[in-house]
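Each chain, written out:
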Amino acid sequence: MKIELKQVTKAFNKQGNAVNDLSLTIQDGEFVALLGPSGCGKSTTMLMLAGIYKPTDGTIYFDNEPINHVEPKDRNIGMVFQSYALYPHMTVLENIMFPLKQMKVPKSERVFRAHAAAEQVQLGHLTARKPSELSGGQQQRVALARAIVKKPRLLLLDEPLSNLDARMKIEMREEIRHLQKEIGITTVMVTHDQEEAMTIADRVAVMKDGSLIQYSTPMDLYNKATNLFVAQFIGTPPMNFISGDLMKLGESYTFQENQQSRLIGIRPYDLKLGNQGNVIMNATVSLVEPLGHSNLVSARIGDKLVRFFADASYRADRGTPIVCSADLQKIAVFDKSTGQSIDTEHCIKEAFAV
Amino acid sequence: MGKPNVVVSAKKNTGNSNPNRIVGFLQKWGLPAVLLGPFLILITIFFIAPVVLIVILAFTNMDSSMVWDLNGLLNFKKMASDPNLSEIMLNTVFYVTLTLSLNIFLGLSLALLTTYFIKQESVGLIIRTIWMLPRISPPVVYILLWLWFFDPSEYGVLNSLRMIFDMPPANFLADQPMTAIVLANGLIGASYGMIIFSAAIKSIPGDLFMAARVDGAAERSIIFDIIIPAVKWPLMFVTLWQLLSLLTSYEYILLLTKGGPLFETEVLALYSYHKAFQSFEYGYGSAVALVLVVIALICTFIFWRIFGMDKMIKSSRIE
Ligand SMILES: Nc1ncnc2c1ncn2[C@@H]1O[C@H](COP(=O)(O)OP(=O)(O)O)[C@@H](O)[C@H]1O
Ligand SMILES: [Mg+2]
Chain A
0 MKIELKQVTK AFNKQGNAVN DLSLTIQDGE FVALLGPSGC GKSTTMLMLA
50 GIYKPTDGTI YFDNEPINHV EPKDRNIGMV FQSYALYPHM TVLENIMFPL
100 KQMKVPKSER VFRAHAAAEQ VQLGHLTARK PSELSGGQQQ RVALARAIVK
150 KPRLLLLDEP LSNLDARMKI EMREEIRHLQ KEIGITTVMV THDQEEAMTI
200 ADRVAVMKDG SLIQYSTPMD LYNKATNLFV AQFIGTPPMN FISGDLMKLG
250 ESYTFQENQQ SRLIGIRPYD LKLGNQGNVI MNATVSLVEP LGHSNLVSAR
300 IGDKLVRFFA DASYRADRGT PIVCSADLQK IAVFDKSTGQ SIDTEHCIKE
350 AFAV
Chain B
0 MGKPNVVVSA KKNTGNSNPN RIVGFLQKWG LPAVLLGPFL ILITIFFIAP
50 VVLIVILAFT NMDSSMVWDL NGLLNFKKMA SDPNLSEIML NTVFYVTLTL
100 SLNIFLGLSL ALLTTYFIKQ ESVGLIIRTI WMLPRISPPV VYILLWLWFF
150 DPSEYGVLNS LRMIFDMPPA NFLADQPMTA IVLANGLIGA SYGMIIFSAA
200 IKSIPGDLFM AARVDGAAER SIIFDIIIPA VKWPLMFVTL WQLLSLLTSY
250 EYILLLTKGG PLFETEVLAL YSYHKAFQSF EYGYGSAVAL VLVVIALICT
300 FIFWRIFGMD KMIKSSRIE
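Chain order of the listed sequences is A and B.
Okay, so the first sequence: first residue is 0 according to numbering that gives the first Met the number 0, each after it adds one.
Okay, so the second sequence: first residue is 0 according to numbering that gives the first Met the number 0, each after it adds one.
No wet-lab data here; the hints were simulated from the structure.
Please read all numbers here as calculations on a predicted model, not as lab measurements.
A virtual CB, placed ideally from N, CA and C, is assigned to each residue, including glycine.
Treat the hints with care, as some may be off.
[Unchecked claim] In silico lysine to aspartate or glutamate, DMTMM-like type, Cα no more than 25 Å apart, as pairs:
id : chain 1 : residue 1 : chain 2 : residue 2
1  : A       : K1        : A       : D27
2  : A       : K129      : B       : D224
3  : A       : K271      : A       : E344
4  : A       : K5        : A       : E64
5  : A       : K72       : B       : D206
6  : A       : K150      : B       : D206
7  : A       : K53       : B       : D206
8  : A       : K180      : A       : E118
9  : A       : K100      : A       : E118
10 : A       : K150      : B       : D224
11 : A       : K207      : B       : D206
12 : B       : K201      : A       : D62
13 : B       : K231      : A       : D27
14 : A       : K100      : B       : E263
15 : B       : K118      : A       : E70
16 : B       : K118      : A       : D56
17 : A       : K150      : A       : D201
18 : B       : K201      : A       : E132
19 : A       : K103      : B       : E218
20 : A       : K103      : B       : D206
21 : A       : K106      : B       : D68
22 : A       : K168      : B       : D206
[Said to hold, decoys possible] So the derived label-pair ranges between C-beta atoms look like this:
id : chain 1 : residue 1 : chain 2 : residue 2 : range
23 : B       : M235      : A       : T24       : 51 to 59 Å
24 : B       : I47       : A       : E132      : 40 to 48 Å
25 : A       : D164      : B       : L132      : 47 to 55 Å
Construct the entire structure; sequences and hints are all you get.
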């Protein structure tokens with residue numbers, strides 16, 4: 000099902016909007032992640048899609064039908080809550096059957112379909128248990144089975160993995176992705192974990208303070224952040240930022256620090272020791288952390304701390320002066336006041352003129 | 000607390016002479032006695048003594064002359080042939096079941112209304128507070144209002160209302176005395192369940208309601224599939240508690256109808272009171288009270304075993 004949000008706004012009180020002028024289109028069968036820091040309005044957006052909250056303004060369309068005033072029960076959606084929200088007095092099977100019971104599916108078919116859904120999430124052997132007798136991961140699977148059992152048109156996942164341990168997270172991530180492709184259901188997942196969003200989703204919508212900042216594929220988010228916030232938020236270790244101008248010197252460029260100027264962003268993986276790149280900078284080492292396969296080097300360029308990777312054999316003392324470099328096309332430039340990204344070429348010409 | 004004392008006394012007792020034994024005994028039991036003493040005395044005076052007294056008195060013919068004479072099972076034989084007792088028993092059953100049903104139903108409805116249907120916390124609180132008012136006002140005042148409500152003259156509230164619909168004034172208390180006492184008791188009793196059920200409903204995580212709505216549940220299903228199971232234990236507890244207090248309390252009936260007209264609203268507890276303090280047949284009154292105690296015990300036992308109340312006591316139900 001295709002979903003469209005047009006200038007959707009939600010205000011709980013007069014102080015401000017929890018979701019602000021959000022416009023977003025989700026294609027049929029697409030997996031979209033809503034990414035943003037805690038309190039930025041992701042859950043609110045989700046609950047508006049679910050029909051629990053009504054938008055204060057704007058319209059939500061399911062397959063071009065406005066559905067603002069359609070009750071949740073008439074929307075045919077499945078949702079997994081962050082707390083899982085399993086019904087504590089019902090067994091696993093009864094939990095999974097609950098949506099079917101509401102649809103007045105005959106009892107025998109209900110049991111059959113609930114068992115099938117339980118098998119799909121590898122819970123077939125636990126259907127007689129109560130939720131309180133399950134581990135976090137198992138509860139999560141029950142919630143997932145309950146959400147998909149009625150074959151909804153839209154699957155909503157609100158931070159489904161945030162209560163799981165690291166290994167379980169990766170496992171469930173793959174399973175959810177697999178399940179989604181298998182049944183081809185349009186899915187929206189909320190997360191505040193950028194890595195999770197990047198690995199699982201077809202497209203990622205980055206939100207901040209209730210507004211949509213960037214909506215694009217994970218690769219574009221990483222490589223073509225349109226906004227300083229996105230550039231800071233995406234990628235581990237985070238992008239390095241230095242404040243200054245680029246000066247053209249023959250075939251290459253040098254960096255000149257300038258606190259009033261623009262922010263230059265370089266990903267840790269794009270910054271290299273030595274002068275192979277065409278943007279060359281001087282730095283001083285502050286720390287070399289061995290990671291096994293490589294070393295993570297922290298160094299100062301002017302006033303700012305940057306991090307990059309070096310060979311596992313690299314050793315340097317604190318204070319050692321070094322030269323590092325990056326390729327010009329890998330560099331992102333942002334306006335300091337607006338946070339918008341600026342064309343790198345354009346910015347060099349200006350710097351040259353000064 | 001007991002353990003160190005035991006060690007001390009063991010050491011002292013090795014002397015084996017008499018004064019040492021007394022010191023040892025005091026050291027072992029002195030502190031527990033001081034700490035537990037007042038509590039044990041209170042329990043004995045106010046909890047155990049009445050039961051013992053009732054049991055003893057039930058087998059005596061004690062009357063206004065205050066003479067104790069054991070008379071064996073005479074009181075119980077008298078009860079078996081008491082012409083009023085079958086009606087009183089029937090009244091008790093009616094009164095307790097009807098009031099209890101009204102009580103629990105109203106309590107649950109009010110709790111649902113003020114916590115689930117009325118989303119605004121302050122409005123719910125006001126409604127609950129209003130319902131609590133009769134609880135904190137003296138029974139005499141509360142019953143006075145009911146007497147005024149049912150007053151047989153045309154100035155009674157009910158009769159004024161009937162006049163609006165061109166109906167003649169009625170003497171409701173005389174015509175429908177059982178309905179009157181059930182109403183008066185049920186309305187005031189509902190506040191207890193209301194408070195406990197409200198707290199239980201409020202402790203249900205909000206996500207559960209959202210999940211149910213997304214899963215396609217209508218209001219009816221949310222109430223019966225989510226809320227009622229979640230308040231199952233409070234529901235049982237309040238039912239048992241109210242059952243016991245309804246069995247043994249009589250003050251509202253006494254104030255409203257005095258058990259009348261004739262024996263139409265006389266229940267066991269009130270009968271025991273009447274026998275003991277009106278006809279001064281303390282022995283017979285105690286025998287009636289004893290029967291009441293036995294009935295209460297049986298009810299408790301049934302609840303305990305059949306509805307699994309013991310499970311509720313054992314483990315916390317917060318999941
Ligand atoms: N039911 C509500 N009533 C009032 N404010 C709310 C409610 N739900 C969320 N908010 C507010 O809206 C903002 C966004 O919340 P939410 O969507 O839950 O954030 P996220 O899921 O991104 O962490 C927060 O500032 C939160 O305090
Ligand atoms: Mg949230």
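Status of each hint after checking the structure:
1. The straight-line distance between the Cα atoms of K1/A and D27/A is roughly 4 Å, inside the 25 Å bound, and the hint therefore holds.
2. The straight-line distance between the Cα atoms of K129/A and D224/B is roughly 15 Å, inside the 25 Å bound, and the hint therefore holds.
3. Using a Cα cut-off of 25 Å, the hinted pair K271/A and E344/A holds, with the two alpha carbons roughly 21 Å apart.
4. Restraint check: the Cα-Cα separation between K5/A and E64/A comes to about 12 Å, which is no more than 25 Å; the hinted pair holds.
5. Proposed proximity of K72/A and D206/B is supported: the alpha carbons are some 15 Å apart, at most 25 Å.
6. The suggested pairing of K150/A with D206/B holds, with an alpha-carbon distance near 21 Å, which does not exceed 25 Å.
7. Simply put, K53/A and D206/B have alpha-carbon atoms about 17 Å apart, close enough for the 25 Å limit, and the pair holds.
8. At roughly 17 Å between alpha-carbon atoms, K180/A and E118/A fall within 25 Å of each other, so this suggested pair holds.
9. Between K100/A and E118/A the alpha-carbon distance is near 19 Å, which keeps this suggested pair within the 25 Å criterion.
10. The straight-line distance between the Cα atoms of K150/A and D224/B is roughly 22 Å, inside the 25 Å bound, and the hint therefore holds.
11. The straight-line distance between the Cα atoms of K207/A and D206/B is roughly 24 Å, inside the 25 Å bound, and the hint therefore holds.
12. With a CA separation close to 37 Å, the supplied pair K201/B and D62/A exceeds the 25 Å bound.
13. Restraint check for K231/B and D27/A: the C-alpha separation of about 43 Å exceeds 25 Å, so the hint is violated.
14. For the hint pairing K100/A with E263/B, the CA-to-CA distance comes to about 48 Å; that exceeds 25 Å, so the pair is violated.
15. Distance hint between K118/B and E70/A is fulfilled; the C-alpha atoms sit about 17 Å from each other, no more than 25 Å.
16. Between K118/B and D56/A the CA atoms are separated by roughly 22 Å; this keeps the pair inside 25 Å, and the hint holds.
17. Between K150/A and D201/A the CA atoms are separated by roughly 21 Å; this keeps the pair inside 25 Å, and the hint holds.
18. Only pairs whose Cα atoms come within 25 Å are accepted, and K201/B paired with E132/A is accepted, the gap being roughly 24 Å.
19. Of the pairs offered as hints, the one joining K103/A and E218/B holds, with about 15 Å between alpha carbons and a cut-off of 25 Å not exceeded.
20. A distance of roughly 23 Å separates the Cα atoms of K103/A and D206/B; the hinted pair therefore holds under the 25 Å criterion.
21. For the suggested pair K106/A and D68/B, the alpha carbons sit about 69 Å apart, so the restraint of at most 25 Å is broken.
22. Taking the CA atoms of K168/A and D206/B, the gap is near 22 Å; set against the 25 Å cutoff, the hint holds.
23. For the hinted restraint 51 to 59 Å between M235/B and T24/A, the CB-CB distance of approximately 52 Å keeps it satisfied.
24. At roughly 43 Å, the beta carbons of I47/B and E132/A sit within the given window of 40 to 48 Å.
25. Between D164/A and L132/B, the C-beta spacing of about 53 Å keeps the proposed range 47 to 55 Å intact.
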